[in-house]
Amino acid sequence: MKQILAALGAGIIFGLGLAISQMVDPAKVIGFLDLAGNWDPSLAFVMAGAVVVSFFGFRAAAGRLKPYFAEAFQMPKATDLDARLIGGAAVFGVGWGLVGVCPGPAIAGLAFGLTESAIFVVALVVGAGLANLTLAKPMPRVPVSD
Amino acid sequence: MENFTPLSALIGGALIGAAASILLLLNGRIAGISGILGGLLPPERGDTAWRFLFLLGLPIGVALWRWLGNPAAALHITSSVPILVAGGLLVGLGSRIGSGCTSGHGVCGMARLSRRSLAATGTFMAAAFVTVFVTRHLIGMGG
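Residue numbers (the numbering used here), protein chains in the order written: chain Y, 1 to 146; chain P, 1 to 143.
The hints are simulated quantities; they were obtained by calculation from the structure and are not laboratory data.
Glycine residues also receive a C-beta, built at the ideal position from the N, C-alpha and C atoms.
Hints may contain errors.
Covered, in the sense of this in silico footprint (three residues per stretch, anywhere, with C-beta under 8 Å from a C-beta of chain P), are these stretches of chain Y [as the list claims (entries may be wrong)]:
hint	segment
1	64–70
2	92–102
Derived CB-CB ranges, DEER-like [to be verified]:
hint	chain 1	residue 1	chain 2	residue 2	range
3	Y	Asp80	P	Pro6	15 to 25 Å
4	Y	Arg64	P	Pro82	27 to 37 Å
5	P	Asp47	Y	Asp82	17 to 27 Å
6	P	Asn3	Y	Val126	29 to 39 Å
7	P	Gly140	Y	Ala72	45 to 55 Å
8	Y	Leu65	P	Gly140	18 to 28 Å
9	Y	Gly63	P	Pro42	32 to 42 Å
10	P	Leu113	Y	Asp82	33 to 43 Å
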């Protein structure tokens, strides 16, 4: 129960962050991605703020044997660069550039109740589901104690 | 650069980082949206509720911000339906194949100085820059 409430709380704070930074708005994201247009560097500041704060979160986690509400930290295990990583990232980047929407803002943006957001999210879920079907184990995660 | 909003960007970013830290420190999970969503397709027994509620929190956070007196918070989406569908499919496929998206690789992965996430973030940023240049400037699709 504690884990479920923590997840909901984290999701709400994440959504607030997307709203305050305006990353929920594809026009704002495209403003960053459009280097040849009227460039808006805001997205880089969002990422910088997020990376700096979570850097300390990860450091705090590294000093603990286990999380407060769970038995183990579930961390990505892979360390090597491979074609799947780079190819997948490239495909994702093309989709992101086409509409200006990535998964977090897509789901958060449903709060605006627009049909366009819903169409995008349905396609996103279908795409992710198709990938899961074709990949054996999409995201191998193991406890770090492993 | 008249649209540049550095302060709200930093504050919003810090909140995203705080959310990622909370999910990690309390539940031991990476706040990667595509990974959390992907774990629901299909749902696995005992591993569903936290994923669903985290994702549900995202629009709740946005609704909260609007309700707190920021009705001007806007969402401008101008893409045609075929582009929305193509974009959504590519984002869903690519983020699962590449094991992450802007949040998982771009925020959490960078924060833990992962070489894979650095490479993935550089790749999807470059692909998105090129895609926007081609669609907005070369073929004038305008999204």
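Legend entry - Hints violated by the structure (numbers, ascending): Hint check: 3, 4, 8 and 10 fail, others pass.
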